[in-house]
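Those letters in the sequence shown? Residues 2 to 136, by this note's numbering.
A hint or two may mislead.
[Said to hold, decoys possible] Each pair of labels, with its calculated beta carbon distance range: (1) Q83 / P116: 28 to 38 Å; (2) E113 / P63: 11 to 21 Å; (3) P109 / Q85: 17 to 27 Å; (4) I17 / E118: 48 to 58 Å; (5) I19 / K88: 41 to 51 Å; (6) E66 / G122: 56 to 66 Å; (7) S61 / E113: 45 to 55 Å; (8) T126 / Q67: 18 to 28 Å; (9) F14 / T100: 34 to 44 Å; (10) E40 / N75: 37 to 47 Å; (11) L125 / Q85: 40 to 50 Å.
[What the hints assert, rightly or not] Heads up, simulated EDC-like pairs for lysine to aspartate or glutamate below, C-alpha to C-alpha not over 20 Å straight-line: (12) K88 / E107; (13) K84 / E40; (14) K84 / E118; (15) K78 / E118; (16) K106 / E66; (17) K12 / E66; (18) K84 / E107; (19) K78 / E40; (20) K78 / E107; (21) K88 / E66; (22) K88 / E118; (23) K106 / E91; (24) K106 / D132; (25) K106 / E82; (26) K84 / D132; (27) K12 / E40.
These are computed hints drawn from the structure, not numbers from a lab.
Quantities reported herein were computed from a predicted structural model and do not represent experimental measurements.
C-beta: ideal position from N, C-alpha, C; glycine also.
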Amino acid sequence: MPQAIEDLNMKTFALILISLLLILMWNGCKDLGLSVVEETGITGQVYLISSPGPVPVNWSPPPFEQVSTIVVMNVQKNIVEQKQTSKTGEFMISLPAGTYYLRVKESPLPAETGPFEISSGRILTVQAHYDNGMR
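With the hints as extra help, turn the sequences into a complete structure.
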């Protein structure tokens with residue numbers, strides 16, 4: 002048999018062997034119950050809900066672009082998590098499925114938002130409010 006054909010047969014054999022090993026490894030992982038973990042929690046932005054003077058029609062609160070602390074509470078209003086925002090007021094907090102309320106710790110007036118119902122394997126986009134009391 003010519004050398005070129007023998008080299009081709011060896012390469013084909015090696016490719017088939019590697020493919021079979023990869024398939025066996027893949028099936029072994031599936032049999033172990035290994036899977037991708039989906040994240041559950043909230044992501045959002047802190048907004049400044051105070052407005053000097055009368056609030057204009059169709060007014061939307063501006064983002065509160067400062068580092069602040071998001072306080073996460075359960076339905077009994079017990080604190081379950083506290084997390085610092087980015088310098089632009091954005092946050093991402095991993096939480097188990099459940100119902101939660103949010104508060105900005107540094108807010109002079111408690112401006113609670115919620116309830117937020119978080120489903121397993123889902124990231125919910127929410128707002129937290131900073132209220133300095135200015136009206």
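Status of each hint after checking the structure:
{"no.": "1", "hint": "Q83 / P116: 28 to 38 Å", "in the structure": "violated, 18 Å"}
{"no.": "2", "hint": "E113 / P63: 11 to 21 Å", "in the structure": "holds, 20 Å"}
{"no.": "3", "hint": "P109 / Q85: 17 to 27 Å", "in the structure": "holds, 18 Å"}
{"no.": "4", "hint": "I17 / E118: 48 to 58 Å", "in the structure": "holds, 52 Å"}
{"no.": "5", "hint": "I19 / K88: 41 to 51 Å", "in the structure": "holds, 49 Å"}
{"no.": "6", "hint": "E66 / G122: 56 to 66 Å", "in the structure": "violated, 31 Å"}
{"no.": "7", "hint": "S61 / E113: 45 to 55 Å", "in the structure": "violated, 19 Å"}
{"no.": "8", "hint": "T126 / Q67: 18 to 28 Å", "in the structure": "holds, 20 Å"}
{"no.": "9", "hint": "F14 / T100: 34 to 44 Å", "in the structure": "violated, 59 Å"}
{"no.": "10", "hint": "E40 / N75: 37 to 47 Å", "in the structure": "violated, 19 Å"}
{"no.": "11", "hint": "L125 / Q85: 40 to 50 Å", "in the structure": "violated, 19 Å"}
{"no.": "12", "hint": "K88 / E107", "in the structure": "holds, 14 Å"}
{"no.": "13", "hint": "K84 / E40", "in the structure": "holds, 17 Å"}
{"no.": "14", "hint": "K84 / E118", "in the structure": "holds, 19 Å"}
{"no.": "15", "hint": "K78 / E118", "in the structure": "holds, 14 Å"}
{"no.": "16", "hint": "K106 / E66", "in the structure": "holds, 15 Å"}
{"no.": "17", "hint": "K12 / E66", "in the structure": "violated, 60 Å"}
{"no.": "18", "hint": "K84 / E107", "in the structure": "holds, 12 Å"}
{"no.": "19", "hint": "K78 / E40", "in the structure": "violated, 24 Å"}
{"no.": "20", "hint": "K78 / E107", "in the structure": "holds, 17 Å"}
{"no.": "21", "hint": "K88 / E66", "in the structure": "holds, 6 Å"}
{"no.": "22", "hint": "K88 / E118", "in the structure": "violated, 26 Å"}
{"no.": "23", "hint": "K106 / E91", "in the structure": "holds, 14 Å"}
{"no.": "24", "hint": "K106 / D132", "in the structure": "holds, 11 Å"}
{"no.": "25", "hint": "K106 / E82", "in the structure": "holds, 12 Å"}
{"no.": "26", "hint": "K84 / D132", "in the structure": "holds, 18 Å"}
{"no.": "27", "hint": "K12 / E40", "in the structure": "violated, 43 Å"}
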